[in-house]
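Enquirer: Sequence lines, in order, name chains A and B. To get my numbering, take the position in the first sequence, counting from 1, and add 6. To get my numbering, take the position in the second sequence, counting from 1, and add 659.
What the hints contain is simulated information worked out from the structure, not anything from laboratory work. Each hint should be verified, as a subset may be incorrect.
[To be verified] Covered stretches of chain A (chain B as the covering partner; in silico rule of three or more C-beta atoms under 8 Å from a C-beta of chain B):
1) 80-87
2) 112-126
3) 147-157
[As the list claims (entries may be wrong)] Under the rule of at most 20 Å between Cα atoms (straight-line distance), these lysine to aspartate or glutamate pairs were calculated in the EDC-like manner:
4) K699(B) / D144(A)
5) K699(B) / E131(A)
6) K127(A) / D767(B)
7) K127(A) / D717(B)
8) K33(A) / E692(B)
9) K844(B) / D149(A)
10) K714(B) / D838(B)
11) K708(B) / D838(B)
12) K127(A) / E849(B)
13) K844(B) / D105(A)
14) K175(A) / D717(B)
15) K175(A) / D688(B)
16) K699(B) / E146(A)
17) K857(B) / D767(B)
18) K737(B) / D764(B)
19) K127(A) / E768(B)
20) K127(A) / D764(B)
21) K727(B) / D717(B)
22) K763(B) / E131(A)
23) K33(A) / D688(B)
24) K844(B) / E146(A)
C-beta: ideal position from N, C-alpha, C; glycine also.
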Amino acid sequence: MKKYFVVVMGIVLCLVVSGSSLAFDTKPPAVGDVFPEITFSIPGESDYRTYLGLSKGEYFSIQDIKAKVVVVEVLSMYCPHCQREAPRVNQVYDLIEKDPSLRGKIKLIGIAAGNSTYEKKVFRERYGVPFPLFEDADFELHDILGGVRTPYFIGVRIDSGVPRVFYSKLGGFESADEFLRMMIELSGL
Amino acid sequence: MKKQRNLTMAITGFVMLLVLHGTAYGLSDVFKENIYVPEKLAPTDSVLKVAVGEKAPDFTLPSVHHGKISLSQFIGKKNVVISFVPAAWTPVCSDQWPGYNIVKDLFDENDAILLGITADNIPTLFAWTNQMGELWFPVLSDFWPHGGTASKYGVLRSDGTTERAIFVIDKKGYIRYIDVHNINKRPPLESIMSELKKLNQ
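Okay, chain B solo, but in the shape it has when bound (with noise of 0.2 Å):
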């Protein structure tokens, strides 16, 4: 009976492996084999510190190319998306910018500016989004004080990466979508258009 309850555990532990293992990404060639693929990932690790309707947290991040970039700043000029993302160099991050880069006249036309955020340094991001080309975006990172954005959105996970997620603020400065999304998964670009169309109507 002992044999018999150990060969079902071994099995069932052998095909849980097999399907974590199948997981799919669509991973782009661009990254060749540089990408780290972790094991499948809880959807959600955190919990939200802020609201849809609320004033978002100011913040102020070093980026890739455009020097020290703060929230405020487009306060009264333009609707801002943020885009968190987990990490550098692993799958579904890699292939979700690029996307966003092809679209820039979609954010203009909603009069809106993207800001693309993860907890990596910037030397990282840097190596990382080279690979995706010129992006029109800045990418900001919240590497010091670790975290310290996305802990006060409350997209901080346990492991020290960020949620997958999406930020739409108006131009006052104020929350109107979230999208804590399936750390897994991407969230689909209508969803962000959408809802920046509904800011303008």
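With the rest of the complex left out, here is chain A (with noise of 0.2 Å):
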């Protein structure tokens, strides 16, 4: 009878700590904190690559990227706010890339929370995206951020290859401008 509740002990031992990234981590990122540590894979595409800084390989940190600022948008081709959200992202991208002082300071990405290649594709496409997203079909890199709604805006300000949030807030923003000179003022860029 001992070894069974060994045994069983063991098993729910187990099930904590592989349920625990479920129950308990499930918080998204608050400011202040270190970004968690998620590997993205390196995009196949030259293009992002080339905005992210990055070499071909295999897998990247947040950290790697050649930014003093990341931006990352959790989002879904399923989502009507992403939808709606879309054109005003890609307008911050577009401020970003036409303002000099900012250009390859300030860095966009997006995680296709729940969708398949094909569904990120399909988003992409419909909303000429044109920053990297990566497809998040199993929802794995969603439950490290804290299962969050969508869309879903996380600032990172990188130092000293430290990743560490300034910004992170759930919902869209009415103004691509607006936006841009809080993630400016709040990175302390």
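Combine both chains into one complex, guided by the hints.
Expert: Pasting the structure below:
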């Protein structure tokens, strides 16, 4: 009976450890936190690699992106707000890329939560998304980021290789200019 | 020993609660706090009454904005994709049709119409689908007799909701594809599109 108890407790412990990422670590990253360790696949498209400042390879972390600030949008092809927000987010990208003082310093990436490669491609093509999107078909990255509703924006400042969150908020924004101004101000860029 | 057993059972129950509670859905903020999150459901809970190659059972149902719709009205005109979703104001379902709403052209390319069906009543479907924006496809209510059409197809669950199921029906009215999907997951868009493409080959 003692042996049975030990086995059951072992299984339970394993479940607690594996289940803890679902149950306890599901808070979105807070301002001041170090951005969670997420492994992204290096994009196959050379344009995206150039934009992110990455060379060919398999994986990268957010701090590997050649930028001072990275804005992460968690989105989904199936999310009406993300669909409506897409043109404004693209506008933020354009404002950055057209401004020599910001270009290269602020980069955007998107995590397509629960979307397959095909679904991510549909979203990208429908809305002409110019920045890299990363599919997250099994919600793995989404879980790490607290299972947030979408769209969700996380601003990350990278200093000396440490990615620190300076903005973490659900929902979109009214004006691309205002959002960008806020990113600059809050990041201390 | 009894204490030990009770402790084991209590911890196991607690862990099961945690694991079930932690399920992620990736829900859109458009629905705010209005989505009812049920416990994790059995992946399927019905027995199909139709098969690929068979004539699709006809039905006539009221829709939210398009009056009464019959399957037979599309015979000879359009391929039909029926998307049964379990219930309004629930996770996954709320993040399924809005995706189809941005790919009308892909359905058009395959000469197909999409019919969304749940066993909810019209007012509920009206309020729910309003959150999704203007949908290009009809949303049908299989509320009364409750789940009658879902039952004909064998996708009515024992709790009165429907399965999360996709049926692809060709222009002659024959069923060409069935996916009674795990209710807790969304069928990938590409599987629907690849089945539609096959109809035109």
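Enquirer: Next step is simple, just say for each hint if it's right about the structure.
Expert: Comparing the hints with the structure gives:
1. Counting residues of the region 80-87 of chain A whose beta carbon lies closer than 8 Å to any beta carbon of chain B gives 6, which reaches the threshold of three, so the coverage claim holds.
2. Look at the region 112-126 of chain A against chain B: 5 of its residues bring a Cβ nearer than 8 Å to a Cβ of that chain, three or more, so the hint holds.
3. With 6 residues having a beta carbon nearer than 8 Å to a beta carbon of chain B, the region 147-157 of chain A meets the requirement of three or more and the stated coverage holds.
4. Between the alpha carbons of K699(B) and D144(A) the distance comes to roughly 16 Å, so the proposed pair stays at or under 20 Å and holds.
5. With a C-alpha separation of about 34 Å, the suggested pairing of K699(B) with E131(A) is violated against the 20 Å cut-off.
6. Proposed proximity of K127(A) and D767(B) is supported: the alpha carbons are some 18 Å apart, at most 20 Å.
7. This hinted pair does not check out: K127(A) and D717(B) have alpha carbons roughly 35 Å apart, beyond 20 Å.
8. Under the criterion of a C-alpha separation no larger than 20 Å, the hint pairing K33(A) with E692(B) is consistent with the structure, at around 17 Å.
9. Restraint check for K844(B) and D149(A): the C-alpha separation of about 15 Å stays at or below 20 Å, so the hint holds.
10. As the CA atoms of K714(B) and D838(B) are separated by approximately 16 Å, the hinted pair is consistent with the 20 Å bound.
11. Distance restraint check for K708(B) and D838(B): the Cα-Cα separation of roughly 13 Å lies within the 20 Å cut-off, and the hinted pair is therefore satisfied.
12. Annotation: proposed proximity of K127(A) to E849(B) holds, straight-line Cα distance about 11 Å (limit 20 Å).
13. As the CA atoms of K844(B) and D105(A) are separated by approximately 42 Å, the hinted pair breaks the 20 Å bound.
14. Pair hint K175(A) plus D717(B) does not hold up; C-alpha atoms about 47 Å apart against a cutoff of 20 Å.
15. This hinted pair checks out: K175(A) and D688(B) have alpha carbons roughly 12 Å apart, not beyond 20 Å.
16. Restraint check for K699(B) and E146(A): the C-alpha separation of about 18 Å stays at or below 20 Å, so the hint holds.
17. At roughly 14 Å between alpha-carbon atoms, K857(B) and D767(B) fall within 20 Å of each other, so this suggested pair holds.
18. Simply put, K737(B) and D764(B) have alpha-carbon atoms about 14 Å apart, close enough for the 20 Å limit, and the pair holds.
19. Under the criterion of a C-alpha separation no larger than 20 Å, the hint pairing K127(A) with E768(B) is consistent with the structure, at around 17 Å.
20. Taking the CA atoms of K127(A) and D764(B), the gap is about 15 Å. The hint holds against a cut of 20 Å.
21. A threshold of 20 Å between alpha carbons decides the hint, and for K727(B) with D717(B) the separation of about 13 Å falls inside it, so the pair holds.
22. Pair hint K763(B) plus E131(A) holds up; C-alpha atoms about 14 Å apart against a cutoff of 20 Å.
23. The straight-line distance between the Cα atoms of K33(A) and D688(B) is roughly 16 Å, inside the 20 Å bound, and the hint therefore holds.
24. For the hint pairing K844(B) with E146(A), the CA-to-CA distance comes to about 14 Å; that is within 20 Å, so the pair holds.
Taken one by one, the earlier hints fail for this structure at numbers 5, 7, 13, 14, listed in ascending order.
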